[in-house]
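Numbering (the UniProt record's numbering), first residue to last: 1 to 248.
Possibly wrong hints are sitting among the right ones.
Just the calculated beta-carbon pair ranges, DEER-fashion [said to hold, decoys possible]:
#, residue 1, residue 2, range
1, Trp52, Leu216, 38 to 44 Å
2, Gly47, Val213, 41 to 47 Å
3, His143, Pro34, 42 to 48 Å
4, Val215, Val116, 17 to 23 Å
5, Gly194, Pro55, 40 to 46 Å
6, Leu101, His143, 16 to 22 Å
7, Ala156, Pro55, 34 to 40 Å
8, Ala225, Pro3, 41 to 47 Å
9, Gly161, Val213, 21 to 27 Å
Everything labelled a hint here was simulated from the structure, so no lab data went into it.
Just so you know, even glycine gets a beta-carbon here, dropped at the ideal spot from N, CA and C.
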Amino acid sequence: MQPLLIVLAAAYGAAAGLLVPRPLYRLAVEPEEPWRGACPRGHALTGPARGWLGPARCPGCRDGERDYGVGPVPAAALTALVCAGLAAAVGARPELAVWLLLVPLGVLLTAVDLAVNRLPDVLTLPMAGGAAALLGAAALLPHSAGSWPRALLGGAVLGGGYLVLFLISPSGMGFGDVKLALTLGVVLGWYGWGVLFVGAFAGLLLGCCWGAVLVLTRRAGRGTAMAFGPFMILGAGAGLVLGALGAG
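Construct all of the structure, not just a fragment, from the sequences and the given hints.
As structure tokens, then:
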């Protein structure tokens, strides 16, 4: 059962990853700018090409030039790898479905934040509510390995902690990070307070280490804005795997 589950999770991840390039291209804009509605050559994305799902292809461009944005293969490979790893760690538990649904959104958020230092509300806020609701449903099913009330408290605790960091240093922590922390707190809190601490601390540590590297190599100054969301997501992913393995 386990090998089949991993293969199915990887196949789902690959299919979901193919849908990442179009929303990535449309969402990767500076704050206050509207979402992109045209391809890089200026052709308006109309009809099905204007939606959020589907390949990043412009029907107005010539053959061989229609693809735009990030190629679908790297996104599909990354999403498939993450989904397979989670399936191997979590096994056939109800919460696995929740994690698999969140993976493409996490990959998308990571890519957008790396591109423009932005975590769009259109992704972070629905993720928080969706994760809480779906884990509530998972808690009603047999063989789930977490606690829904603790997940909700975890979201409040981690979101509150990041809010304090934002108020202390608005230049070093974006408000998008605070909203992302709500989702990550819910996810990590599902498996326990120790998992929440490990995942949150790992994200902070990775982000601080990368920031130090940038400063030491003179690629950034102390006041330079840095995409922190990817490190939060990476740390949460590590905590999630450890929590799932510990619950086995």
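Comparing the hints with the structure gives:
Distance hint check for Trp52 and Leu216: the Cβ-Cβ separation is about 39 Å, which falls inside the suggested range of 38 to 44 Å. Take Gly47 and Val213: their Cβ atoms lie about 45 Å apart, and the range 41 to 47 Å holds. Take His143 and Pro34: their Cβ atoms lie about 45 Å apart, and the range 42 to 48 Å holds. A beta carbon spacing of about 21 Å between Val215 and Val116 agrees with the range 17 to 23 Å that was offered as a hint.
Between Gly194 and Pro55 the beta carbon distance is about 42 Å. The supplied range of 40 to 46 Å therefore holds. Checked against the hint of 16 to 22 Å, the C-beta distance between Leu101 and His143 comes to roughly 18 Å, which is consistent with it. At roughly 39 Å, the beta-carbon separation of Ala156 and Pro55 lies within the given 34 to 40 Å, and the hint holds. For the hinted restraint 41 to 47 Å between Ala225 and Pro3, the CB-CB distance of approximately 44 Å keeps it satisfied.
Checked against the hint of 21 to 27 Å, the C-beta distance between Gly161 and Val213 comes to roughly 24 Å, which is consistent with it.
Hint compliance for this structure: every hint is met.
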